[in-house]
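Start from the sequences, fold in the hints, and give me the full structure.
Those sequence lines, one after another, are chains A and B. So the first sequence is numbered by our numbering: it starts at 1 and just counts up by one. So the second sequence is numbered by our numbering: it starts at 1001 and just counts up by one.
Heads up, a few of these hints could be off.
[Stated by the list, open to error] Derived DMTMM-like pairs (lysine to aspartate or glutamate); straight-line CA-CA distance at most 20 Å:
hint, chain 1, residue 1, chain 2, residue 2
1, B, Lys1123, B, Asp1186
2, B, Lys1114, B, Glu1096
3, B, Lys1378, B, Glu1391
4, B, Lys1392, A, Glu75
5, B, Lys1392, A, Glu98
6, B, Lys1378, A, Glu168
Simulated from the structure, these hints should not be mistaken for laboratory data.
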Amino acid sequence: MDSRLRGNDSGVVFKRVKIMLTIKNLHAEIQDEKQNAKKILRGFNLTINPGEVHAIMGPNGSGKSTLANVLAGREGYEITAGDVQFADKDLLSLSPEERAAHGLFLAFQYPVEIPGVNNMYFLKAALNSIRKTRGLNPLDAMEFIQTIKTKIKEVGLDEAFLNRAVNEGFSGGEKKRNEILQMLMLEPRLAILDETDSGLDIDALQTVAKGVNSLRSKDRSMIVVTHYQRLLDYIVPDVVHVMVAGQIIKSGGKELALELEAKGYGWLEGQTAL
Amino acid sequence: MSIVEPTSTWFEQGFAEQNAKQDWLRALQNNAAEVFSQRGLPSRREEAWKYTDTTFLAQKNYKMSAVMPANNPIAEYQLQQADCIMMVFINGHYMESLSQIDLLPNSVTLCSLKDALDSSELKAILSQTVDAQRYPFAVLNTALLQDGLFLSIPKNTVLKTPIHFLYLNTETSGFAAHSRNIIKIDEQSQVTILEEHVGQQADDYFTNVQTDIYAGRGAQVDYHKIQNESKSAVHIAQTFIYQQQDSQVNLTSLSDGARLARDDIYLRLSEQGASVSLKGFYALNQDDQHCDYHIHADHLAAYTMSEMHYKGILDKKSQAVFNGKVYVAADAQKIQSNQSNHNLLLSTQAQVATKPELEIYADDVKCAHGATVGQLDKDALFYLQSRGIDEKTALQILNRAFAADVLDKVKHPAIARQFQRLLTQEFGDENEFC
Chain A
1 MDSRLRGNDS GVVFKRVKIM LTIKNLHAEI QDEKQNAKKI LRGFNLTINP GEVHAIMGPN
61 GSGKSTLANV LAGREGYEIT AGDVQFADKD LLSLSPEERA AHGLFLAFQY PVEIPGVNNM
121 YFLKAALNSI RKTRGLNPLD AMEFIQTIKT KIKEVGLDEA FLNRAVNEGF SGGEKKRNEI
181 LQMLMLEPRL AILDETDSGL DIDALQTVAK GVNSLRSKDR SMIVVTHYQR LLDYIVPDVV
241 HVMVAGQIIK SGGKELALEL EAKGYGWLEG QTAL
Chain B
1001 MSIVEPTSTW FEQGFAEQNA KQDWLRALQN NAAEVFSQRG LPSRREEAWK YTDTTFLAQK
1061 NYKMSAVMPA NNPIAEYQLQ QADCIMMVFI NGHYMESLSQ IDLLPNSVTL CSLKDALDSS
1121 ELKAILSQTV DAQRYPFAVL NTALLQDGLF LSIPKNTVLK TPIHFLYLNT ETSGFAAHSR
1181 NIIKIDEQSQ VTILEEHVGQ QADDYFTNVQ TDIYAGRGAQ VDYHKIQNES KSAVHIAQTF
1241 IYQQQDSQVN LTSLSDGARL ARDDIYLRLS EQGASVSLKG FYALNQDDQH CDYHIHADHL
1301 AAYTMSEMHY KGILDKKSQA VFNGKVYVAA DAQKIQSNQS NHNLLLSTQA QVATKPELEI
1361 YADDVKCAHG ATVGQLDKDA LFYLQSRGID EKTALQILNR AFAADVLDKV KHPAIARQFQ
1421 RLLTQEFGDE NEFC
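What follows is the structure, given as structure tokens:
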């Protein structure tokens, strides 16, 4: 095998960092239909070390998806205060593509259908863009095809999906598997899974979790955003946070998720951040 | 209503220089000139020209184009890696020395229109009257007819080698070329054709081309048109397609050039089982660029089928017009027609006027139509960027993807490559990052 591929398949090797992600006092708002500012994140704090998996749970409307989108750089959010350091970089000053090249990956809650863009072509363009930004040569066609054929098996999708348009006409489960396939190909150092479990049956959930777990390593961190404890049976987190009204109000070990499953979120509401 | 007359010098010059040898043709041209002068250039007061102004042509002092020396390199326009029969025109004049017709079967007639003027068949076709109100530029085309080509394929002939008509416009401004292509495909015959108009420099000239296609019983015609004129030129085209029983015509077009482009397409489905499929894509990226497709399909017999799918991407202050009309005669039952027009606006100043129309007198038909005008899908853009693809490349990928299905019906690989080359010019290379 080519020396470029040693260690990991994408050949993108990141420098080790002491702290993966630090979010300090992050405030973000959006404009609603009436052009009124609506505060979503209200002083969000989080620190993630390399190798850790953090689950963020919380009721509807607590700001979980906003957090994921703000971290990935989606337009339409006004950051009114706060600071985010991602692997020694000022995350908020980077474009979405720079964040990706720097090793951030968002698995979308609602993956976008892109008619006319071939799935394999898309993955290759993505991987080679990231490689280019990091000063690496493009992966040659053979290496790429071998790698992707191995990875697509891991997520339980048929190879035929590679020749279809990105997500077009995919079922909910197929879209989520395709997200995980992209993650396996791009090998990020921080993966954010935004409700990846929604719309998945038990078999798909296990396959997806297996894919995610195969990426777990001491240099890679993950944020798992979910409503339900179920996913955390398969992707076991190091830390569980409860997010309510734009901030974390409680953090604990994996047993916190079980407690939430039993009691709901009601007992925590009214508490403020520690 | 006042009539905008073209300057009379158009016609004086035309006749002085054309001076057709055939009496019947001189008479025909005189008559057409008269009819056109009375009718005048179409103005925006006419419904069919509401969004496209041509009256400025009256101020233009276009001269008949002169014959150019045959020293233009045409290699870059040839179909790559494929056998081809090629007819080359420079500024509307047929260039025998640049054309290649070695692969033409003996049974097939292909020659310049001038060389075919003694044929009675051609005389009959040229002498057909055209509705001057609806197709004024067809009348002008006859009045000032310069050259063009005549293709006649006898029955039961499958022509595997594609025929490429290259209309190259070069090295001079201020000329008009009125060309006519007459194509007859007899029963059960098949042909693949590419009509390509190229402007080599940023010249201001006027192309007025008319193509008449007669598809006999069971004939199959794959027709392609690439319009890549100079961005200062005016391109006006009439394509009239007459179809007999069970004939199938596919017309795929890509429109990229010209300051003003107007394509009038008339489809006459006069016998059962005739089927036509139009697919077009236009890319406009200049402030004053204007492109107009007017299509009229006459379903005159039962079990006929028409499809028209047009798409465009518009940038800056460009404008596009789509008007597709499907007419279904009273006894034309069980017909199917489908038309769509989708537009992507890249700037807030680009404009589209889109109007699919139906006029149906039969009661058992299936007709669908739809039109959209939209902006770029921001979610798709973010999705690509979030995977590491820079914004510029992501835009190229999305625009190209929007355009790509124009290629759906282009079966011949070398012609597909010709289309792809133009799309690459416009939106970047598909394989650049692969």
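Below or equal to 20 Å on CA atoms is what counts here, so check B:Lys1378 against B:Glu1391. The hint holds at about 11 Å.
Would you check the hint for B:Lys1378 and A:Glu168, treating anything up to 20 Å between C-alpha atoms as holding? holds, 16 Å
Does the alpha-carbon distance linking B:Lys1123 and B:Asp1186 stay inside the 20 Å limit? holds, 18 Å
Would you check the hint for B:Lys1114 and B:Glu1096, treating anything up to 20 Å between C-alpha atoms as holding? holds, 12 Å
Take a quick look at whether B:Lys1392 and A:Glu75 sit within 20 Å of each other, Cα to Cα. Judged against 20 Å, a Cα distance of about 16 Å means the pair holds.
Would you check the hint for B:Lys1392 and A:Glu98, treating anything up to 20 Å between C-alpha atoms as holding? holds, 13 Å
This entry satisfies every hint, going by the numbered hints stated previously.
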